[in-house]
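From first to last, the protein sequence lines are chains A and B. Using the working numbering, the letters of the first sequence correspond one by one to residues 1 to 114. Using the working numbering, the letters of the second sequence correspond one by one to residues 1001 to 1107.
Errors might be hidden in some of the hints.
Chain B is faced by these chain A residues, among others (derived, beta-carbon under 7 Å) [to be verified]:
1. 39
2. 43
3. 100
The hints are simulated quantities; they were obtained by calculation from the structure and are not laboratory data. If you're wondering where the values come from, they're calculated on a predicted model, not measured in any experiment. Note that CB positions come from ideal geometry on N, CA and C, so glycine has one too.
Below are the chains, spelled out letter by letter.
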Amino acid sequence: DGGITQSPKYLFRKEGQNVTLSCEQNLNHDAMYWYRQDPGQGLRLIYYSQIVNDFQKGDIAEGYSVSREKKESFPLTVTSAQKNPTAFYLCASSIAGTGANVLTFGAGSRLTVL
Amino acid sequence: GQSLEQPSEVTAVEGAIVQINCTYQTSGFYGLSWYQQHDGGAPTFLSYNGLDGLEETGRFSSFLSRSDSYGYLLLQELQMKDSASYFCPGGYSTLTFGKGTMLLVSP
């Protein structure tokens, strides 16, 4: 079955450490996205990519980095520069253009900074 | 820029009908989507209105009026499992999500 796989589901990090969240899709979607969600809040866009080897900053890109070396993969690194990284991270994919209105989400990764 | 407004919370009883409204202010707007998110889970796509009018999918219907910058999601024959947060993101190459509406369905 096609879908998006995020790993790990839960992650604990000490302050000052970088962590990388994995996102893999087998839907043959061109576009991929990373969102952050804090308790009781909506989703905020961190980074997105509409094609391999290209990506753009979203609304809250500071302290995060991404790569898009393969169509299927869009990993997110939460760096030590991110001051408040504890959150629920959601990866999504879609066809490009107006297809962005139909997002398929992974199950999410919950990051806690100790 | 883009902004979306929805009620923060709506309550209803099983079997009832509920309407969740969404108003928006956005440039480059290309339609309104609706997503459902259960507590602790990921959002799932419900519907998309690219044109004015009503779209029906089973118990759920979604409406859009671009001249009024307004849309709504209508849920009929409410069930306990419909208790969740509902989002009406809009945009073109990326979606902007508001804080959503928490729907609480009671017996």
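Hint-by-hint comparison with the structure:
no.: 1; hint: 39; verdict: violated (10 Å)
no.: 2; hint: 43; verdict: holds (4 Å)
no.: 3; hint: 100; verdict: holds (5 Å)
Going down the numbered hints, you'll see the structure goes against just number 1.
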